[in-house]
Amino acid sequence: MIAAEEVKKAPAAPAAPRAGIAAPLLRWESVLLLCVVAAFAVNAWASPYFLDIWNLSDATFNFTEKAIIALPMALLILVREIDISVASIIALSSVVMGLMAEAGFSTPVIALAGLLTGLLAGAFNGLLVTVFRAPSIVATIGTMSLFRGIAYAVLGDGVLKAYPASFAWFGQGYVWGPLSFEFALFLGLAVVFGIVLHRTTVGRRLYAIGSNPTAAIFSGVAVDRYRFALFALVGLAAGLASVCLTSRLGSTRPSIATGWELEVITMVVLGGVSILGGSGTIVGVVLAAFLMGLVTFGLGLINVPGVVMQIVVGFLLILVVAAPIVIRRALSRRRP
Amino acid sequence: MAAPSLRLSDVTKSFSGVRALTNGSLELVPGQVTALIGENGAGKSTLVKILTGVHQPDDGTIELDGAPIRIRTAADAKRHGITAIHQEAVVFDDLTVAENIFAGERPRNRIGLVDWRVMRSRAAKLLADLDAPFDPDVRVGSLSIAQKHLVQIARALAVDARIVIMDEPTAALSHRETEDLFAIIRRLRAEGRAVLFISHKFEEIFAIADRYTVFRDGAAVGAGRVADATKDDLIRLMVGRSVDQIFPKAVAAIGEEALAVEGLSHPTEFDDISFSVRRGEILGIYGLVGSGRSEVMQAIFGLQPQARGSIRVAGQTVAIRRPHDAIRAGIVYVPEDRQHQGAILKLPIAHNIALPNLGQLSRASFVSLAGERALAGEYASRLQVRMSGLGQLVEELSGGNQQKVVIAKWLATGPRVLILDEPTKGIDVGSKAAVHRFMSELVSQGLAVVMVSSELPEILGMSDRVAVMARGRLRRIVPRSEATAEAIMQVATDA
Amino acid sequence: MTQILKNRDALLALVVAGLIGAAALAYPGFAAPGNLAGVLDDTAILIILALAQMLVILTRAVDLSVAANLALTGMLVAMLNAAWPSGGVLPILVLSVAIGAALGAVNGLLVWRLGIPSIVVTLGTLSIYRGMIFVVSGGAWVNSHRMSPEFLDLIRGTFLGLTILSWFAVAAVVAAAVLLRFTVVGRNLFVAGGNPSAAAYIGVDAGRMQFVAFVVSGAVAGLCGYFWVSRYAIAYVEVALGFELQVIAACVIGGVSIVGGTGTVVGVVLGALFLGIVKNALPLVGISPFWQMAIAGAVITAAVVLNAAQVKAPSRRILKEAEA
Numbered sequence: 001m002i003a004a005e006e007v008k009k010a011p012a013a014p015a016a017p018r019a020g021i022a023a024p025l026l027r028w029e030s031v032l033l034l035c036v037v038a039a040f041a042v043n044a045w046a047s048p049y050f051l052d053i054w055n056l057s058d059a060t061f062n063f064t065e066k067a068i069i070a071l072p073m074a075l076l077i078l079v080r081e082i083d084i085s086v087a088s089i090i091a092l093s094s095v096v097m098g099l100m101a102e103a104g105f106s107t108p109v110i111a112l113a114g115l116l117t118g119l120l121a122g123a124f125n126g127l128l129v130t131v132f133r134a135p136s137i138v139a140t141i142g143t144m145s146l147f148r149g150i151a152y153a154v155l156g157d158g159v160l161k162a163y164p165a166s167f168a169w170f171g172q173g174y175v176w177g178p179l180s181f182e183f184a185l186f187l188g189l190a191v192v193f194g195i196v197l198h199r200t201t202v203g204r205r206l207y208a209i210g211s212n213p214t215a216a217i218f219s220g221v222a223v224d225r226y227r228f229a230l231f232a233l234v235g236l237a238a239g240l241a242s243v244c245l246t247s248r249l250g251s252t253r254p255s256i257a258t259g260w261e262l263e264v265i266t267m268v269v270l271g272g273v274s275i276l277g278g279s280g281t282i283v284g285v286v287l288a289a290f291l292m293g294l295v296t297f298g299l300g301l302i303n304v305p306g307v308v309m310q311i312v313v314g315f316l317l318i319l320v321v322a323a324p325i326v327i328r329r330a331l332s333r334r335r336p
Numbered sequence: 001m002a003a004p005s006l007r008l009s010d011v012t013k014s015f016s017g018v019r020a021l022t023n024g025s026l027e028l029v030p031g032q033v034t035a036l037i038g039e040n041g042a043g044k045s046t047l048v049k050i051l052t053g054v055h056q057p058d059d060g061t062i063e064l065d066g067a068p069i070r071i072r073t074a075a076d077a078k079r080h081g082i083t084a085i086h087q088e089a090v091v092f093d094d095l096t097v098a099e100n101i102f103a104g105e106r107p108r109n110r111i112g113l114v115d116w117r118v119m120r121s122r123a124a125k126l127l128a129d130l131d132a133p134f135d136p137d138v139r140v141g142s143l144s145i146a147q148k149h150l151v152q153i154a155r156a157l158a159v160d161a162r163i164v165i166m167d168e169p170t171a172a173l174s175h176r177e178t179e180d181l182f183a184i185i186r187r188l189r190a191e192g193r194a195v196l197f198i199s200h201k202f203e204e205i206f207a208i209a210d211r212y213t214v215f216r217d218g219a220a221v222g223a224g225r226v227a228d229a230t231k232d233d234l235i236r237l238m239v240g241r242s243v244d245q246i247f248p249k250a251v252a253a254i255g256e257e258a259l260a261v262e263g264l265s266h267p268t269e270f271d272d273i274s275f276s277v278r279r280g281e282i283l284g285i286y287g288l289v290g291s292g293r294s295e296v297m298q299a300i301f302g303l304q305p306q307a308r309g310s311i312r313v314a315g316q317t318v319a320i321r322r323p324h325d326a327i328r329a330g331i332v333y334v335p336e337d338r339q340h341q342g343a344i345l346k347l348p349i350a351h352n353i354a355l356p357n358l359g360q361l362s363r364a365s366f367v368s369l370a371g372e373r374a375l376a377g378e379y380a381s382r383l384q385v386r387m388s389g390l391g392q393l394v395e396e397l398s399g400g401n402q403q404k405v406v407i408a409k410w411l412a413t414g415p416r417v418l419i420l421d422e423p424t425k426g427i428d429v430g431s432k433a434a435v436h437r438f439m440s441e442l443v444s445q446g447l448a449v450v451m452v453s454s455e456l457p458e459i460l461g462m463s464d465r466v467a468v469m470a471r472g473r474l475r476r477i478v479p480r481s482e483a484t485a486e487a488i489m490q491v492a493t494d495a
Numbered sequence: 001m002t003q004i005l006k007n008r009d010a011l012l013a014l015v016v017a018g019l020i021g022a023a024a025l026a027y028p029g030f031a032a033p034g035n036l037a038g039v040l041d042d043t044a045i046l047i048i049l050a051l052a053q054m055l056v057i058l059t060r061a062v063d064l065s066v067a068a069n070l071a072l073t074g075m076l077v078a079m080l081n082a083a084w085p086s087g088g089v090l091p092i093l094v095l096s097v098a099i100g101a102a103l104g105a106v107n108g109l110l111v112w113r114l115g116i117p118s119i120v121v122t123l124g125t126l127s128i129y130r131g132m133i134f135v136v137s138g139g140a141w142v143n144s145h146r147m148s149p150e151f152l153d154l155i156r157g158t159f160l161g162l163t164i165l166s167w168f169a170v171a172a173v174v175a176a177a178v179l180l181r182f183t184v185v186g187r188n189l190f191v192a193g194g195n196p197s198a199a200a201y202i203g204v205d206a207g208r209m210q211f212v213a214f215v216v217s218g219a220v221a222g223l224c225g226y227f228w229v230s231r232y233a234i235a236y237v238e239v240a241l242g243f244e245l246q247v248i249a250a251c252v253i254g255g256v257s258i259v260g261g262t263g264t265v266v267g268v269v270l271g272a273l274f275l276g277i278v279k280n281a282l283p284l285v286g287i288s289p290f291w292q293m294a295i296a297g298a299v300i301t302a303a304v305v306l307n308a309a310q311v312k313a314p315s316r317r318i319l320k321e322a323e324a
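For the record, the sequence lines run as chains R, B and P.
Each residue of the first sequence is one higher than the one before, counting from 1 in our numbering.
Each residue of the second sequence is one higher than the one before, counting from 1 in our numbering.
Each residue of the third sequence is one higher than the one before, counting from 1 in our numbering.
Bear in mind the hints are in silico, worked out from the structure with no lab data behind them.
Heads up, the beta-carbon is just placed ideally off N, CA and C, and yes, glycines get one too.
Some clues are possibly wrong.
As the list claims (entries may be wrong) - FRET-style restraints, in silico, Cβ to Cβ:
#: 1; chain 1: R; residue 1: ASP58; chain 2: P; residue 2: ASN143; range: 34 to 42 Å
#: 2; chain 1: R; residue 1: ILE327; chain 2: P; residue 2: LEU152; range: 29 to 37 Å
#: 3; chain 1: B; residue 1: VAL138; chain 2: P; residue 2: VAL259; range: 42 to 50 Å
#: 4; chain 1: R; residue 1: ILE325; chain 2: B; residue 2: GLU486; range: 52 to 60 Å
#: 5; chain 1: B; residue 1: GLU486; chain 2: P; residue 2: THR183; range: 37 to 45 Å
#: 6; chain 1: P; residue 1: ALA171; chain 2: R; residue 2: ILE325; range: 37 to 45 Å
#: 7; chain 1: R; residue 1: VAL175; chain 2: B; residue 2: PRO305; range: 42 to 50 Å
#: 8; chain 1: P; residue 1: VAL185; chain 2: B; residue 2: PHE134; range: 41 to 49 Å
#: 9; chain 1: P; residue 1: THR183; chain 2: B; residue 2: GLY263; range: 50 to 58 Å
#: 10; chain 1: B; residue 1: GLY371; chain 2: R; residue 2: ALA330; range: 52 to 60 Å
#: 11; chain 1: R; residue 1: ILE327; chain 2: B; residue 2: GLN490; range: 31 to 39 Å
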């Protein structure tokens with residue numbers, strides 16, 4: 001009964017400006033789009049080479065792999081779960097691929113092994129959460145340490161780089177002119193994820209689970225199956241990102257992709273997916289990926305070191321979560 | 001009569017525009033028990049939360065011994081000698097009984113450290129005074145609900161509260177436990193404390209209260225001495241109309257068996273439950289909170305995977321392992337907790353109604369928006385949902401209309417058996433009547449209905465037969481002709 | 001529940017003792033007092049941080065920023081010492097606690113006042129604090145010859161066979177035990193985490209308790225920042241990178257429930273010792289130290305599953321109550 005009262009007490013979301021001309025402008029996606037345009041303009045103004053098509057193509061590499069993971073991570077956060085182990089899955093998957101390469105397997109086998117490792121690691125997370133009922137935050141903090149730990153245990157301070165020449169295509173190849181394979185893959189996946197989330201029964205059920213998991217169960221939605229599938233999917237995407245990244249770098253070290261979980265999660269939250277579940281769009285996540293890519297690329301152009309970009313990412317993460325809360329409070333205070 | 005120690009005048013309170021209290025007026029007198037009576041949603045809980053410092057009133061005055069006071073925090077309430085025993089047992093399961101009693105005010109030694117020895121001995125003394133059958137060192141999580149209430153009463157005595165509020169303390173208690181509680185309340189009264197006793201069980205009010213105040217729709221609509229009132233007076237004040245109009249009796253041809261449950265058992269929650277319900281019939285399920293009624297219904301709907309037993313729908317045995325199986329077999333369940341289990345408040349009405357029907361509304365997994373609008377529109381209008389449009393979020397609807405959306409979503413699946421768990425809990429009188437009318441209409445169309453309710457008038461008015469549960473077992477099934485309030489309560493309280 | 005927890009502590013103590021025994025079998029010198037004192041010295045910082053983290057987890061939050069806080073504060077006090085070597089250790093101690101507490105207060109305020117999930121807040125601040133080390137240091141290292149002898153020697157002194165750093169850990173254990181058992185603030189951490197809505201009824205603001213826990217966690221992380229740069233005689237951007245996972249691991253292994261309200265000081269200390277012994281024993285028994293992370297990860301995962309199984313049991317059982 002307290003809880004029911006609490007729901008009423010909570011200030012209503014700023015639903016008021018839903019109608020009218022200003023409505024589309026106030027959507028989070030529109031704000032993001034403006035930011036993307038602004039970041040693009042600033043970059044173009046700051047560097048005369050920025051608008052070069054090959055330069056733009058280069059600019060996509062620094063966010064594409066993270067963005068590939070951000071797509072399924074958005075669905076996972078939408079259903080109130082989280083996976084902090086994604087960067088470790090990349091490392092584990094990269095090590096498996098490195099070992100396969102050492103053993104002389106061909107490019108398709110290596111890539112498949114990388115994907116499979118990601119899928120299994122993700123499924124393991126899903127198992128911990130759905131069967132053993134561990135909260136996803138701690139479960140994936142554990143596997144974050146476990147997966148990368150295995151990578152270190154296997155490789156120590158060594159490096160694996162016996163990749164066949166053809167393996168380089170995933171991270172360095174182009175499918176059409178300056179359109180890289182990676183970026184084309186991301187765009188294709190974004191369309192698929194957008195359609196699944198916004199047009200299909202699966203998407204409908206995911207929103208239901210994220211808005212109220214109990215009511216979803218009581219409505220006959222197989223909530224745990226969806227949760228498990230999403231964890232496995234995030235793992236698979238991390239495996240895919242690992243294929244691209246490993247191919248791009250041409251080598252595997254156990255420290256590969258350290259700290260990426262933060263950037264992936266920031267991308268999702270910046271994209272307007274509520275950390276409390278139930279709301280968010282794929283368009284938002286894609287725009288957030290572009291925005292973060294442009295900002296980091298721009299900072300790189302003016303020689304800001306990577307570790308300082310961390311500060312920007314950290315601020316962004318807190319800011320995008322805090323801003324709506326502060327704004328909502330200010331609005332509800334002004335109302336009688 | 002002594003002068004009132006606490007007086008509330010014209011207190012109002014709104015939650016994001018919804019008025020929970022419009023005229024909260026109340027007087028509490030030392031050495032007397034005042035009953036606060038009202039239907040769910042009448043504003044009783046809001047009043048309690050204002051008195052205990054959880055909510056702040058928008059307007060109105062609170063006076064203690066004639067001087068106006070403000071209760072901004074729980075600490076303020078305590079300082080003024082006001083303490084509450086809540087229906088849902090506000091305790092800390094992982095802490096001991098002693099610490100729960102003194103959690104707000106732990107005894108400390110000279111250097112300011114918590115003095116566990118003093119705490120334990122003072123707790124032991126309080127518990128002995130209350131004849132509590134447990135030790136101050138036990139973890140509260142291991143106690144029964146009645147025992148947790150005792151812990152809360154001990155908490156009130158520990159701070160020597162002048163004003164003790166009891167918010168439906170008997171809801172989950174057996175007859176015996178209620179008697180024990182009354183003995184304690186009489187003692188509190190004899191000690192000169194003012195007691196506010198909230199309940200909607202009239203027998204209890206007549207047994208224990210000296211005075212009453214009735215709330216309806218957020219306002220005090222009547223007050224007086226219990227000795228001068230009859231049950232009918234109080235009911236009239238509560239609902240604002242006479243009783244027999246509320247529950248339209250279902251007249252329907254009873255057909256063949258729709259649902260049969262045999263030997264349904266659960267390792268910890270219920271045991272050997274068997275009953276059946278026919279087409280056109282409403283089977284009422286009555287039991288106190290904690291008797292296992294909701295658990296049984298959830299087992300039939302596939303939500304209690306540990307349950308064992310056989311379930312037949314229209315003569316066919318069905319295996320139900322999850323809700324999906326139940327829905328396919330034609331069993332649907334409208335849960336008790338509408339806001340957490342029934343409706344998805346943050347989604348539009350159309351999406352709520354579509355959710356269990358996505359299979360029929362999609363082709364190759366793509367949702368047909370036109371089909372969705374048609375289905376949702378049809379059922380929303382059949383249930384007369386008051387809304388601005390199908391895109392409106394369910395959280396913006398009133399409680400009664402939210403409930404209609406939940407029922408609509410299930411009817412759209414074309415069920416054979418409709419299970420309703422507390423279908424009219426916390427909804428306004430108008431919606432309540434609409435839900436009852438609709439139930440009658442459904443059974444006349446050949447649906448079988450199982451209705452769980454803790455409101456005896458509802459059970460007696462609507463049911464063709466009444467199954468009574470107590471302590472995880474189905475004690476008796478009473479036909480309508482023999483169903484009286486006394487007979488049912490007798491079985492339910494296991495006296 | 002207390003019974004289970006007590007048993008759990010005893011069980012963990014047995015495991016830790018067994019671990020020491022096994023290491024001693026493979027390498028007889030391991031159980032020698034001198035070596036064990038060395039292990040304690042090596043684990044001291046982990047013990048102190050884990051105890052502080054426990055306070056945060058008790059209130060249903062988590063502080064992922066401790067290692068970054070430690071590294072930033074460590075860098076700041078190392079730079080202060082390099083710039084003002086004659087200042088002595090006292091200002092260093094005071095400042096490290098103050099800086100750490102301020103960084104912790106940022107987390108606490110965001111969690112308490114804005115109600116942002118602690119995991120999001122501290123994931124963000126972990127990144128910000130780590131980045132700030134680079135900003136303040138310009139990416140440069142502060143190594144031992146730029147640190148004053150007092151700065152380096154304080155924690156290295158010994159008393160009764162244990163280093164001063166170890167004695168700090170012992171003091172932290174005693175302080176945590178007293179705080180959690182005998183002070184109102186300590187008990188209110190259990191109240192706030194055990195049932196936040198009920199806490200409001202008895203006048204305890206659960207959010208405020210989270211704030212208090214974050215400030216303490218930050219202050220302790222700051223102090224440990226000094227300990228760390230002094231012990232390893234170097235400060236740089238990557239100090240203690242990822243150490244927050246070890247800290248949380250110690251708590252989870254020690255049986256602190258991530259859903260709040262339960263946990264014991266003994267359990268946390270044993271959890272930290274477990275990790276410290278594994279780390280120190282591995283090279284002795286001929287296993288690469290690179291295995292340490294994987295073992296920690298496996299143990300956290302196992303502990304998480306174990307803890308979840310305990311929580312799963314429903315508290316109310318109708319049939320059982322009926323028999324009572």
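Comparing the hints with the structure gives:
no., hint, result
1, R:ASP58 with P:ASN143: 34 to 42 Å, "holds, 37 Å"
2, R:ILE327 with P:LEU152: 29 to 37 Å, "violated, 50 Å"
3, B:VAL138 with P:VAL259: 42 to 50 Å, "violated, 22 Å"
4, R:ILE325 with B:GLU486: 52 to 60 Å, "holds, 54 Å"
5, B:GLU486 with P:THR183: 37 to 45 Å, "violated, 55 Å"
6, P:ALA171 with R:ILE325: 37 to 45 Å, "holds, 39 Å"
7, R:VAL175 with B:PRO305: 42 to 50 Å, "holds, 48 Å"
8, P:VAL185 with B:PHE134: 41 to 49 Å, "violated, 28 Å"
9, P:THR183 with B:GLY263: 50 to 58 Å, "holds, 55 Å"
10, B:GLY371 with R:ALA330: 52 to 60 Å, "violated, 42 Å"
11, R:ILE327 with B:GLN490: 31 to 39 Å, "violated, 58 Å"
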